[in-house]
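What follows is each chain in one-letter form.
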Amino acid sequence: EDQVTQSPEALRLQEGESSSLNCSYTVSGLRGLFWYRQDPGKGPEFLFTLYSAGEEKEKERLKATLTKKESFLHITAPKPEDSATYLCAVVLGDYKLSFGAGTTVTVRA
Amino acid sequence: DTGVSQNPRHKITKRGQNVTFRCDPISEHNRLYWYRQTLGQGPEFLTYFQNEAQLEKSRLLSDRFSAERPKGSFSTLEIQRTEQGDSAMYLCASSLGQGPSGNTIYFGEGSWLTVV
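Protein chains in written order, with my numbering: chain S, 1 to 109; chain U, 1 to 116.
Warning: the hint list may mix true and false statements.
As the list claims (entries may be wrong) - Some, not all, of what chain S presents toward chain U, calculated at C-beta under 10 Å:
1) Gln6
2) Ser7
3) Pro8
4) Gln38
5) Pro44
6) Glu58
7) Cys88
8) Val91
9) Leu92
10) Gly93
11) Gly100
12) Ala101
Said to hold, decoys possible - Using 27 Å as the maximum straight-line C-alpha spacing, the simulated DSSO-like pairs for lysine-lysine come out as follows:
13) U:Lys57 x S:Lys96
14) U:Lys57 x S:Lys42
15) S:Lys42 x U:Lys11
16) U:Lys57 x S:Lys57
17) S:Lys68 x S:Lys79
These are calculated hints, taken from the structure and not from any lab test.
Glycine included, every Cβ here is placed at the ideal spot set by N, Cα and C.
Just need the whole structure built from these sequences, with the hints factored in.
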């Protein structure tokens, strides 16, 4: 059964304290893995798409990497404005996204 | 460049009433999706349109739910005889479906439904 698991559920960081979020997946024939950021009460905001093992993408303080079984979202020197829930999703078939439950990141000044 | 637009953003309704949500996708996006999200969970797929054709409906979409996309433009999601379990955020998303970034799926801000 296709499954996406994110860990940890919550992460509290001090400003400047780098860390990583994990997204492990079991899906046959990965056709894409998405990372989204979601602020409270808002819709998910697209961050990255990764397609093949070894691929990496960066945006400001965020870097996403992909292996055959998991993806990591690295947050380097986070700031309070990086506080949000980060969602990982895999593409099933041609268009359907299957999401994990998310990791809620809180960055304290 | 406008993103995916949804309205209303918030709706409080009494159990048993009908509600309708509207979604305007990014222009020229021929793929449109509806998802549902409850607190502490990731979004769950409900249904998918390619142009005006509804190509897939999740088992989560009971007979009380109906979605349309006339003329392949905006879409509506109607919930009839609402139940308290329908309380959630309903998210609309769209994608181009072709080209290098065609698979990127963009979400709207969501429509919150509270059934009392």
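Here is how each hint holds up against the structure:
no. : hint              : result
1   : Gln6              : 8 Å, holds
2   : Ser7              : 13 Å, violated
3   : Pro8              : 14 Å, violated
4   : Gln38             : 9 Å, holds
5   : Pro44             : 5 Å, holds
6   : Glu58             : 17 Å, violated
7   : Cys88             : 8 Å, holds
8   : Val91             : 7 Å, holds
9   : Leu92             : 8 Å, holds
10  : Gly93             : 9 Å, holds
11  : Gly100            : 5 Å, holds
12  : Ala101            : 5 Å, holds
13  : U:Lys57 x S:Lys96 : 11 Å, holds
14  : U:Lys57 x S:Lys42 : 24 Å, holds
15  : S:Lys42 x U:Lys11 : 15 Å, holds
16  : U:Lys57 x S:Lys57 : 33 Å, violated
17  : S:Lys68 x S:Lys79 : 30 Å, violated
The structure fails hints 2, 3, 6, 16, 17 (numbered hints given earlier, in ascending order).
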